[in-house]
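S.K.: Letter by letter, the chains look like this.
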Amino acid sequence: DSGVTQTPKHLITATGQRVTLRCSPRSGDLSVYWYQQSLDQGLQFLIQYYNGEERAKGNILERFSAQQFPDLHSELNLSSLELGDSALYFCASSVGLAGGHEQFFGPGTRLTVL
Amino acid sequence: AQKVTQAQTEISVVEKEDVTLDCVYETRDTTYYLFWYKQPPSGELVFLIRRNSFDEQNEISGRYSWNFQKSTSSFNFTITASQVVDSAVYFCALSEYNQGGKLIFGQGTELSVKP
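Taken in order, these protein sequences are the chains called F and G.
Quick note: the first sequence, position 55, residue 78 per the working numbering, numbers continuous.
Quick note: the second sequence, position 4, residue -14 per the working numbering, numbers continuous.
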């Protein structure tokens, strides 16, 4: 158990809908990262928050947004969903901001868009 | 540009064989970190090792060992006397010190260890 929790574990929805994925980092970790794992794109970094502020952005679509709340939990919002958004979404946390810190991954949320 | 290449898509071995998973990386930074993660069939990502760019010492942990060579930009992972429980997808990843910690992953190598 990494100490990172993600809910829900599975999500099935329809095209055009909006969903929210939730992540609670390990106790003491200030950085939260979101990654997307799909068969065609592999594991891709989406976005990083550190202590409530956005710090790095990857290949995140404009339809996707995220935030980190004062209690450090984070939410990833996906809107106007398309079939291609079906993927496993991971949240990870680390203690620091810069590269080099070990990232602990949550169990993932499997999103299926029908 | 940052890039991680794992040329081996799938490897199949018989239990007790040794197996090496290759990882080649590209970066312009002088300070960077390399990682290996394991993704068993259950789907979670499990941290195995981290190496910084200034430490080229090889590391051994039980049946696992890692060979870091800056001259060839490689960070290979060897499992000695493989076991069925080693069956998983293994990812090599790179992070650069000034890039906020994001991990750039390779495509992964699926290792199948047969009894």
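For the record, the hints were derived by calculation from the structure and aren't laboratory data.
The reader is advised that the hints may include incorrect statements.
Dumping the calculated DSS-like pairs for lysine-lysine here, alpha-carbon to alpha-carbon at most 27 Å [what the hints assert, rightly or not]: (1) K(-15)/G x K20/G; (2) K(-2)/G x K80/F; (3) K52/G x K(-15)/G; (4) K96/G x K52/G; (5) K20/G x K96/G; (6) K80/F x K32/F; (7) K80/F x K(-15)/G; (8) K32/F x K20/G; (9) K(-2)/G x K96/G.
S.K.: Hint numbers the structure violates, sorted upward?
M.R.: 2 and 4
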